[in-house]
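Chains A and B, in that order, are what the protein sequence lines are. Numbering-wise, this note's numbering puts 105 at position 105 of the first sequence, and it's gapless, one number per residue. Numbering-wise, this note's numbering puts 131 at position 18 of the second sequence, and it's gapless, one number per residue.
Calculated directly from the structure, the hints in this document are not laboratory data. Treat each hint with caution, since some may be false.
Claimed, not checked - Straight-line C-alpha distance at most 25 Å; calculated SDA-like pairs for lysine to any residue:
1. Lys116/B / Ala99/A
2. Lys116/B / Thr186/B
3. Lys78/A / Ala191/B
4. Lys154/B / Asn52/A
5. Lys116/B / Ile54/A
6. Lys116/B / Ser55/A
7. Lys154/B / Ser197/B
8. Lys96/A / Asp143/B
9. Lys57/A / Glu118/B
10. Lys78/A / Thr186/B
11. Lys154/B / Gln14/A
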Amino acid sequence: EPEVTQTPSHQVTQMGQEVILRCVPISNHLYFYWYRQILGQKVEFLVSFYNNEISEKSEIFDDQFSVERPDGSNFTLKIRSTKLEDSAMYFCASAKDRAYEQYFGPGTRLTVT
Amino acid sequence: ELKVEQNPLFLSMQEGKNYTIYCNYSTTSDRLYWYRQDPGKSLESLFVLLSNGAVKQEGRLMASLDTKARLSTLHITAAVHDLSATYFCAVVFEGGKLIFGQGTELSVKP
Numbered sequence: 001e002p003e004v005t006q007t008p009s010h011q012v013t014q015m016g017q018e019v020i021l022r023c024v025p026i027s028n029h030l031y032f033y034w035y036r037q038i039l040g041q042k043v044e045f046l047v048s049f050y051n052n053e054i055s056e057k058s059e060i061f062d063d064q065f066s067v068e069r070p071d072g073s074n075f076t077l078k079i080r081s082t083k084l085e086d087s088a089m090y091f092c093a094s095a096k097d098r099a100y101e102q103y104f105g106p107g108t109r110l111t112v113t
Numbered sequence: 114e115l116k117v118e119q120n121p122l123f124l125s126m127q128e129g130k131n132y133t134i135y136c137n138y139s140t141t142s143d144r145l146y147w148y149r150q151d152p153g154k155s156l157e158s159l160f161v162l163l164s165n166g167a168v169k170q171e172g173r174l175m176a177s178l179d180t181k182a183r184l185s186t187l188h189i190t191a192a193v194h195d196l197s198a199t200y201f202c203a204v205v206f207e208g209g210k211l212i213f214g215q216g217t218e219l220s221v222k223p
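From just these sequences and the hints, can you work out the full model?
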């Protein structure tokens, strides 16, 4: 069964460094999403992406964040200058259409020290 | 403002007992999901509820949706230890984004 994959599973970085989190969505899906979950808290929407552009972004998704689909398979989330409060689990999700169910990847745990 | 609220946030149950988790949401939506999350893991989809009055059951879990009241429930029947996890409801809003409730941490004790 097709699944969403994410790499790395755990990333440790120093404050101020740039990180890129990678996702490979399910191959025939067209809508892509990033969510984050701070430890012990709820899952929060960050951004949705369709047709090579951002469809919607939340207040959390400020200028430090960017997303890209650099080729036909990868979908990346970049944080330019990480802060301690960026420490969280980041989930990628994809869907055939925005009316269809989103499938979640296993997540990347980001730890900023 | 888009809000999804769950209660209770913490639930400690004895095996064999029944209980219900509630999910209220603030704005009209045509889909609601229930997810299970084990510690350090991703989200496992349990149910998708599409219409008013929808009821779905899987094993000891049953979910229902009342779109007029903007309320969904997740009912646990005769709880077992394996059901211990955090349960989230999530509502789809325009554009397809999911807005999650705070989660209900369920602990089932012998």
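Okay, the hints, checked on the actual structure:
1. Lys116/B / Ala99/A: holds (20 Å)
2. Lys116/B / Thr186/B: holds (16 Å)
3. Lys78/A / Ala191/B: violated (45 Å)
4. Lys154/B / Asn52/A: violated (29 Å)
5. Lys116/B / Ile54/A: Holds, at about 23 Å.
6. Lys116/B / Ser55/A: holds (20 Å)
7. Lys154/B / Ser197/B: Distance of about 13 Å is within 25 Å: holds.
8. Lys96/A / Asp143/B: holds (17 Å)
9. Lys57/A / Glu118/B: holds (21 Å)
10. Lys78/A / Thr186/B: Violated - the C-alpha atoms of threonine 186/B and lysine 78/A are around 37 Å apart, more than 25 Å.
11. Lys154/B / Gln14/A: holds (24 Å)
When held up to the earlier numbered hints, the structure conflicts with 3, 4, 10 and fits the remainder.
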